Amino acid sequence: MELRPWHERLQEALLRQRLPRAEVERLAEELFGHAADLIAEGQSMDAPQPDLDARLGTPAALATTARQQFQQRTFAGRHPLLIFLGGPFVALVGSFLALAMLVTGVALGFDFVSGGALEAIDADGAPPAAWEIAVIHSLNTIVRFVPFAVSAWCFVWLGRRSGHATLSVVSCGIITVVALFFSAVVSTTADGHGTWILGLATKVGLDQFLQAIMPIALGAGMLWKSTLRPLAPA
Amino acid sequence: MTIRKTNPDYLNGVPELLILQLLDRQPMHGYDLVAAIHAASGQKLDFGEGCIYPVLHRLEAQKLLTSRRETVGSRSRIIYRVTKPGQARLADSRANWQEIVAAVSSILQGGEHGAPALA
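The listed protein sequences derive, respectively, from chains A and B. The first sequence begins at 242 in my numbering and counts up one residue at a time. The second sequence begins at 2 in my numbering and counts up one residue at a time.
Keep in mind the hints are simulated off the structure, nothing from the lab. Accuracy of the hints is not assured; some may be wrong.
Taking beta-carbon pairs under 7 Å as the criterion, some of the chain A residues facing chain B (in silico) [claimed, not checked]: (1) R262; (2) L303; (3) T306; (4) V347.
Calculated Cβ distances over 12 Å to all of chain A for the following chain B residues [to be verified]: (5) Y32; (6) G51; (7) Q63.
What follows is a list of derived Cβ distance ranges for each label pair [said to hold, decoys possible]: (8) B:A92 <-> A:E253: 15 to 23 Å; (9) A:F316 <-> B:T84: 14 to 22 Å; (10) A:F450 <-> B:T67: 31 to 39 Å; (11) A:E282 <-> B:Q27: 36 to 44 Å.
In this text, all values refer to a predicted model and were calculated from it rather than measured experimentally. Glycine is no exception: its CB is placed at the ideal position from the N, C-alpha and C atoms.
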């Protein structure tokens, strides 16, 4: 009995489920071996050739089961709506808080090591020096881009790992929308002092589009891989 | 009665229990495992045999099983074994299953509240 056509149908069905390549190859190998065993068993018993679809399951049914079992492996796979729809908000708040704590920690550490250098800078009430303004602008750039990029990357990674690539695109979409309305502006006043304002923008400008580039790019990449990319044999 | 179903819903709970139980007795590859399920159930459990592999892979990803490639005869096989967490899960699943069986049996045999009252 020729096994190759059944094996090819199986591989095609598994690939259509967008499972990771390693998982497709391993499943196809084990199922091919199982089918070969069934045929050998039939030959040794002088029985008619087995109906592989009836014994093993049709390739489509096997691929569906494979995808469901793959999704059951992780918490994100078992609770996709909670993770991919609610998770972006938690991730963004968490990443902003983590960043704030990191910056505060570094500043406090620097102050401690330098014997109160930062405290002395603030004490005289003089306008900030050029280097201080540069530090604030650098922090502002980090706050504008890093939380969105890191959060989007996390959901793309989770999407791949849990077999919910399409939902991870939705997560990237949510992060993109928040990025489009997030505003972080550093401005200097006439007396040389400055203000750093973080909040929600009332209108979307070029700055906001730039902030959204990374989540858009990651989401688009995931969309391409999960639904648009042509299928290639394993 | 023969229970025949390739529906993935069928693969929730019971196959996991059977797989852990049989592999706890003896490490096996997929084909032997399917044969063992058929034999141990007296051919009562008849399912799409291929569905066993995605379940095995999930259990391995959840660290309930380990696998190792071995050459058996002239063929390379993937042999599965139950891990310590797998044995703990097996004990839990077995206890749950026995509770369910006891509860259903109690109802079927018309326990204290099992018989419907007629007006």
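Hint check:
no.: 1; hint: R262; result: 14 Å, violated
no.: 2; hint: L303; result: 5 Å, holds
no.: 3; hint: T306; result: 5 Å, holds
no.: 4; hint: V347; result: 37 Å, violated
no.: 5; hint: Y32; result: 5 Å, violated
no.: 6; hint: G51; result: 4 Å, violated
no.: 7; hint: Q63; result: 6 Å, violated
no.: 8; hint: B:A92 <-> A:E253: 15 to 23 Å; result: 41 Å, violated
no.: 9; hint: A:F316 <-> B:T84: 14 to 22 Å; result: 19 Å, holds
no.: 10; hint: A:F450 <-> B:T67: 31 to 39 Å; result: 49 Å, violated
no.: 11; hint: A:E282 <-> B:Q27: 36 to 44 Å; result: 20 Å, violated
The earlier numbered hints that this structure contradicts are 1, 4, 5, 6, 7, 8, 10, 11.
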